[in-house]
Amino acid sequence: DAKTTQPTSMDCAEGRAANLPCNHSTISGNEYVYWYRQIHSQGPQYIIHGLKNNETNEMASLIITEDRKSSTLILPHATLRDTAVYYCIVRVAGRDDKIIFGKGTRLHILP
Amino acid sequence: GAVVSQHPSWVICKSGTSVKIECRSLDFQATTMFWYRQFPKQSLMLMATSNEGSKATYEQGVEKDKFLINHASLTLSTLTVTSAHPEDSSFYICSARDLAKSNYGYTFGSGTRLTVV
Numbered sequence: 001d002a003k004t005t006q007p008t009s010m011d012c013a014e015g016r017a018a019n020l021p022c023n024h025s026t027i028s029g030n031e032y033v034y035w036y037r038q039i040h041s042q043g044p045q046y047i048i049h050g051l052k053n054n055e056t057n058e059m060a061s062l063i064i065t066e067d068r069k070s071s072t073l074i075l076p077h078a079t080l081r082d083t084a085v086y087y088c089i090v091r092v093a094g095r096d097d098k099i100i101f102g103k104g105t106r107l108h109i110l111p
Numbered sequence: 001g002a003v004v005s006q007h008p009s010w011v012i013c014k015s016g017t018s019v020k021i022e023c024r025s026l027d028f029q030a031t032t033m034f035w036y037r038q039f040p041k042q043s044l045m046l047m048a049t050s051n052e053g054s055k056a057t058y059e060q061g062v063e064k065d066k067f068l069i070n071h072a073s074l075t076l077s078t079l080t081v082t083s084a085h086p087e088d089s090s091f092y093i094c095s096a097r098d099l100a101k102s103n104y105g106y107t108f109g110s111g112t113r114l115t116v117v
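Quick mapping for you: the protein sequence lines, in order, are chains A and B. Letter 41 of the first sequence, counting from 1, is numbered 41 in my numbering, and no numbers are missing. Letter 116 of the second sequence, counting from 1, is numbered 116 in my numbering, and no numbers are missing.
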């Protein structure tokens, strides 16, 4: 399985853009980068995913480097409700298709 | 779409009893579901892969006789914690896959907090 490395925690001021980095230097060519977040005492919530190109949806933007060894999740205008643990995951190829979670980044949005 | 419902959301049980947790895919069929366990301030740990109509696949170190998984239909998987002990107290989360969704459909339930007293 390709593994990811994320900072343990980050702070961001409310209303500013939150940029969460992720390193996945051993990613394979057919593996996608997924981002999920988990608000306290809830199940994880899907945010966005991508393969090569940058992606944007109503929640966030995903910037993937050209060599695909790292990516950044951008929350353009962070609110207090974005306080959560954010997980960057590289999808395991193969029949099992299971998601293995790393430790994630604990994002604190400061009022 | 792609809603996964978990029940109960919390449960308290006595040591030695068994507890069943249900995971339902409400608007899609799921041949595969996943069960995770999460201790306070830790990440989710995959316990097992639940396969409809066949035996579950357990991760290394997870006791299959203690954590019984049944996936009898395309919309329901159950996890039974048998002879529960206080160390089994944890947050249990299920996940199901909706192949029809472009994001390959990993949807998570809201979790079940188990407290064994």
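Take these hints with a grain of salt, some might be off.
[To be verified] Calculated lysine-lysine pairs in the DSBU-like style (CA-CA distance at most 30 angstroms, straight line):
#1 A:Lys103 / B:Lys66
#2 A:Lys52 / B:Lys64
#3 B:Lys64 / A:Lys3
#4 B:Lys64 / A:Lys69
#5 B:Lys41 / B:Lys20
#6 A:Lys98 / B:Lys20
#7 B:Lys66 / A:Lys98
#8 A:Lys52 / B:Lys66
#9 B:Lys41 / A:Lys69
#10 A:Lys3 / B:Lys14
#11 A:Lys69 / B:Lys66
#12 B:Lys64 / A:Lys98
#13 B:Lys41 / A:Lys103
[To be verified] Rough simulated footprint, nothing fancy, chain B against chain A, three-plus residues with beta-carbon under 8 angstroms:
#14 3-13
#15 24-30
Read the hints as simulated data drawn from the structure, not as lab findings. We treat Cβ as the ideally placed atom computed from N, Cα and C, and that holds for glycine.
Hint check results:
1. A:Lys103 / B:Lys66: holds, 26 angstroms
2. A:Lys52 / B:Lys64: violated, 39 angstroms
3. B:Lys64 / A:Lys3: The hint holds at about 26 angstroms.
4. B:Lys64 / A:Lys69: violated, 37 angstroms
5. B:Lys41 / B:Lys20: holds, 24 angstroms
6. A:Lys98 / B:Lys20: holds, 23 angstroms
7. B:Lys66 / A:Lys98: Holds, at about 21 angstroms.
8. A:Lys52 / B:Lys66: Answer violated: lysine 52 of chain A to lysine 66 of chain B is near 42 angstroms, above 30 angstroms.
9. B:Lys41 / A:Lys69: Judged against 30 angstroms, a Cα distance of about 28 angstroms means the pair holds.
10. A:Lys3 / B:Lys14: violated, 39 angstroms
11. A:Lys69 / B:Lys66: Roughly 40 angstroms between the alpha carbons, so the hint for lysine 69 of chain A and lysine 66 of chain B is violated.
12. B:Lys64 / A:Lys98: The given pair, whose Cα atoms are some 18 angstroms apart, holds under the 30 angstroms limit.
13. B:Lys41 / A:Lys103: Holds, because 9 angstroms separates the two Cα atoms, which is no more than 30 angstroms.
14. 3-13: violated (count 0)
15. 24-30: Coverage by chain B is violated for the region 24-30 of chain A (0 residues, Cβ < 8 angstroms).
Checked against the numbered hints given earlier, this structure breaks hints 2, 4, 8, 10, 11, 14 and 15; the rest are met.
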